[in-house]
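Using the sequences and the accompanying hints, generate a full structural model.
Residues per chain are reported as follows:
Number of protein chains: 2
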Amino acid sequence: MNKSLPDTFFKPGTVAVVGASKKANFSSGIPETLVKNGYRDRLYLVNPREREINGMPVHADLAAVPVPIDLAIVVVPAPQVPRVIRDCINLGSPSVVLESAGFGETGPEGALLEEEVRRLLKGSQTRVIGPNCLGVINPHASFTTTQVNLEALRPGNIGVIAQSGTFGNILADWAPTQDLFFSKLVTIGNRLDVDETDCLLYLADDDQTDVIVLYLEGVKDGGRFYEAARNVSRRKPILVYKGGRSQAGRKAAASHTGSLTGEDELYDAIFRQTGVIRAASFQELFDMARVFSREPLMAGPRVCVATVSGSFGVMTADVCTAWGLELPDLSPQTVCALRDIAPSWMNVKNPLDLGPSGIYDAAIKAALADPRIDGIIAVPVIPEIVMQKYTELGVDVGSMFGDPQEWRRLAPGKPILMFTVGGASWCDHVRKVYGADISLVSSPENAARALAASCRYGRFRAGG
Amino acid sequence: MNKSLPDTFFKPGTVAVVGASKKANFSSGIPETLVKNGYRDRLYLVNPREREINGMPVHADLAAVPVPIDLAIVVVPAPQVPRVIRDCINLGSPSVVLESAGFGETGPEGALLEEEVRRLLKGSQTRVIGPNCLGVINPHASFTTTQVNLEALRPGNIGVIAQSGTFGNILADWAPTQDLFFSKLVTIGNRLDVDETDCLLYLADDDQTDVIVLYLEGVKDGGRFYEAARNVSRRKPILVYKGGRSQAGRKAAASHTGSLTGEDELYDAIFRQTGVIRAASFQELFDMARVFSREPLMAGPRVCVATVSGSFGVMTADVCTAWGLELPDLSPQTVCALRDIAPSWMNVKNPLDLGPSGIYDAAIKAALADPRIDGIIAVPVIPEIVMQKYTELGVDVGSMFGDPQEWRRLAPGKPILMFTVGGASWCDHVRKVYGADISLVSSPENAARALAASCRYGRFRAGG
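Residue numbers (the working numbering), protein chains in the order written: chain A, 1 to 464; chain B, 1 to 464.
Check the hints yourself; a few may be wrong.
Identical chains share a label here; the pair holds if one copy fits it or two copies do between them.
To be verified - With a Cα cut of at most 27 Å, we get these calculated DSS-like pairs of lysine-lysine:
1) K365 <-> K251
2) K22 <-> K389
3) K11 <-> K236
4) K251 <-> K349
5) K220 <-> K251
6) K220 <-> K122
7) K23 <-> K389
8) K220 <-> K349
9) K36 <-> K22
10) K36 <-> K389
If you are wondering where the hints come from, they were derived from the structure by calculation, not from laboratory data.
Computed from a prediction, not measured in an experiment: that's the story for all the values here.
Take a look at the structure:
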């Protein structure tokens, strides 16, 4: 199983939907979605009980399709799956996304069926993703084997591998609302053939993927994953959330995707040795994905926290320290430069509690220029009522903290993270002005953890 | 300093703004806000350099005001503060909110000024909140000593004590966007007189406050706080976020509100012994506030997790276990009842992975009725595209998971928490349908931590 994953999973020249149906069910939107995304002329529908769906002809079986099929999306009931897979193999289809459920996740009978398909595949050139999954989303080719909204097809540079189909769909809905965009998203389900390591290796060579994110309930082949992760980590960061840490979680995973999750400590050791970055929560996983996909790696542990609220300054300093980062004193030059322009009440320290000083942009630039500082966490906040006043006076409140693109130009090697909280219109402003350029994270904790991970991963990459 | 905090801080019959000014600055909106909230006929402005502001007369000093003043809001520059405080004492004003900055937080000179005011107060009947704060918001009386939006004045049952003024204002902006509403919010700043313990004791006796939330950088008088917290905890839950855990955080706190933060382990011990619930993050503090202000205390550690996404089921099971909760098997009766109505592919287990079964409401009701279950975490999710289809078919997607008010009636003694993630319109739906009745929390982690805290606190209340 060490042959590489074929491109046809992500950029098929021809696609069949086997089990296409007029009935409204989980799969009925797939042909429609493919047509909407420009695949009409290379799409073939298969179902012995249908003649035509939405004006498209339906073929009785795969053999009746007039062209070779690159990718078969299979949604027939589980008992019919072996027959369809046999057709795919016989016709030389290189790739199958098997979305049907009713296999190992449901009990011994389903497991037997899964085993039967596995036997059929042996020695063939056909690769299968699934069963019990929703397959592939490739925004860079507007291609998807599951019905998603248009927003989920906006291309990004984060490659995601998840086990569960529903989870993948929810992710696809949620990510764009957080300004997170994917290069590829694969849900692998029960992994009767293709597993997380195959996908990892594929994404490692994918030019559109800069960061690889895995949601795993268990690794199928520990040794192979270890080897692959160790190699891939030297080139691209791998972020992992591993479910099934607890006994209750492991039992749940067994009936969810039939995964044996194994001992958590073992995973910790594997991840540590292979440079894989482990996240402790869903939100942290994607906060990290954002930071790793946008920010340069942090060269050292020295952070400057720049805030308007002393309380958030204290909180952020606390969590940075808890995760092994340092808040050094600013260099004498930076302190002098800031004292020159700061109001008398302002303490020029780290964290930089800027209060209503108005020197936000200058302060962040000074911190970025400071050789003692490796990265920045900015916590701009402002009461809505103050914002309304400024807006009435014609001040562009959104950008009063400075120009994020200029910050980038000044210090392309230093990560800049931002966290904010407040009223709805303030948060919208920040997202609009900074969301595209600066990594907005969901909490001071996750800012600190992402920077600490960036620092650690930088050392791993340097061979330390 | 053991005399109780006077009501005049929260429900003053007469109010003066000392230092009212036409100039636009942090305090210029205060008179306007008071007028807008119905305080015009009991509001008096004081400033020797103004004659009239927005049609209201301005008095030269407090002695010139024709009526006794219940509460003086003082916003004059720091050096003028001792004179104003002397006036308040001489005129017998019971309460002063001193918002001016420039005291202990700025250095030795400011500390001397603070000491001078403290000496003046000795033996007087006048109590002072501040300096370096924004005072009080009392939504139940539409009263505020700081300019806030109307939404922040919607009354709730969470009483908040914070140190920093900006933080308080940001909280007031943010909370309504999260369906969190306050009974009182006090920012105490440098605490030259009134401190967190005074406020704690006031809120303990306040009928509109069910839960007390503290953001602290340090406790002023450890022994007194200990005594008060131990007593108050027996009646109302006290939730704390303590900033300044790390050395960097402690340094920041010192220049922020002049607080000596002390050793973190000591605080942990104090909180544990007094039944105070400590939150590890800002978000957790308010997720807990939501749960404690709405849910019954959890009678035992047994949770049922009901989800539509197996992945979120696994995650939630993991974090519940990590925080000491249990996911027991459902009782045989519950299992039988659910098997009767569940589709064949559904595993009737805990976590209840309901998938697209459609039996959401029935499942939650069955879990609520189960004597083996003490509380519920529901994780409803649905792909946007499925939601759109249901909506087209006329299904009320928002409430397809069931009627939260009916759940409450069925099991008034069991907490019900909900977490969701997904597209924007789905999240809006959930908030609209469930936000008012069920505790929506921001993550599976915080759901688990809040329930674990509820359980622990229940034991403390029972004397265990």
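Out of the numbered hints, which ones does the structure contradict?
none
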